[in-house]
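K.L.:
Given next are the chains, with one letter for each unit.
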Amino acid sequence: MKKILVIEDNPMVIKSLEFKLTKDGHEVLIAKDGRVAMKFLKEANFDLILTDLMLPFVTGKELISYIKKNSPQTPIIVLSTSTQENIIMDAFNMGVDDFITKPFSPNELSLRVKRFLNKA
Amino acid sequence: MVESHIIEQENFAYIALQEGWQLVICNSGIDAIHWFNKNNNKADLLVIEEGSVPLNGYQTADYIKTELGLMLPVLITVGTVPTQQELRAIAYAEGVIKKPFIKSTTILQINEILERFPERASVQNFSYSLNYLRDIFDGHEESVLESLELFSKSVNTELDQLNVELQDKDYNRIREIAHSIKPSFEMLENETGRSICNRLNSEGVETEMPRLIQDLQLEFASITKQLTRDFPELKIGR
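Protein chains in written order, with my numbering: chain V, 1 to 120; chain C, 1001 to 1238.
Only true hints are included.
Just the calculated beta-carbon pair ranges, DEER-fashion:
no., chain 1, residue 1, chain 2, residue 2, range
1, V, S71, C, N1111, 54 to 64 Å
2, C, N1111, V, S110, 38 to 48 Å
3, C, T1066, V, F57, 55 to 65 Å
4, C, Q1018, V, P72, 43 to 53 Å
5, C, K1169, V, S65, 27 to 37 Å
6, V, E43, C, K1042, 43 to 53 Å
7, C, N1111, V, K69, 49 to 59 Å
8, V, K42, C, Q1059, 53 to 63 Å
9, V, S110, C, T1228, 25 to 35 Å
10, C, N1111, V, N70, 54 to 64 Å
Just so you know, these hints were derived from the structure itself, not from any lab.
Ideal Cβ positions, reconstructed from N, Cα and C, are used throughout, including at glycine.
The task is simple: from the sequences and hints, build the whole structure.
P.N.:
And the structure:
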């Protein structure tokens, strides 16, 4: 079972991601803000990380920077909104692997997650 | 509306917001046809781009009128307005709107069309749709209903916070909150809420924030009122 960390603060998005990823057979941990995410990242290794960029306490950019420094092999998918083009470009420049626009299509999410987990 | 260009989509959404038009955005003509099927054909107007794929705007208009049998007015959006395409528009659609959307002409053209087709203009429930939630939760109705309660509770809390931040004039925090709750409106396919959040989050200037926040609160109240009517057993607004 692959372990996925979801870093997201919208409760409806969290619920839908948790439902879909668990249904697809993955173990899912949820961090509702950047501080909780940092705690999880220090305590465990993950096969994939899905993260929002605009988070309370610790920003998505800070998290990406931490992950790239401490666990560079872990793929990162950014959960973005359609109006964040500049922020998404910055994230790609920092080395994120992909992005999914919220609210996501269920099949698109499954396929993209599967693609990265198969590489791991 | 079917529009693939994100900036034009936002332009139109902002005009619709100001005019009080309830907007549903589809990715393609086929998506629009599916939307009509799922929502009992309840719409007053279809605005579709000429070059939509796989069905272009004219083909979609033709399908809607001949196959679905709808007397729905259709406006085709184009980059330029050559004479030959106007002839096609006469055959398949009621008119052509040139892009980029200009507020005054867009409002004028759409109001003219709506006046020509008054029999379709009626009060309809576009406050929310459960189509996306049912899709993402694979038809698991309990999760769909739990999400509605989550919507009511979480957005209500954030709207209260928006008022606090407005009083404190913390406009960055207002933008962050709008960014955070935008997907909640999107998941209920509420275009008005999405569009206001978008405006607050990306382009909105500080002077228009009080009005936008008030509009968002009214839209939220309208959604929760409808949800309470439709699902009296749920903890909506309580």
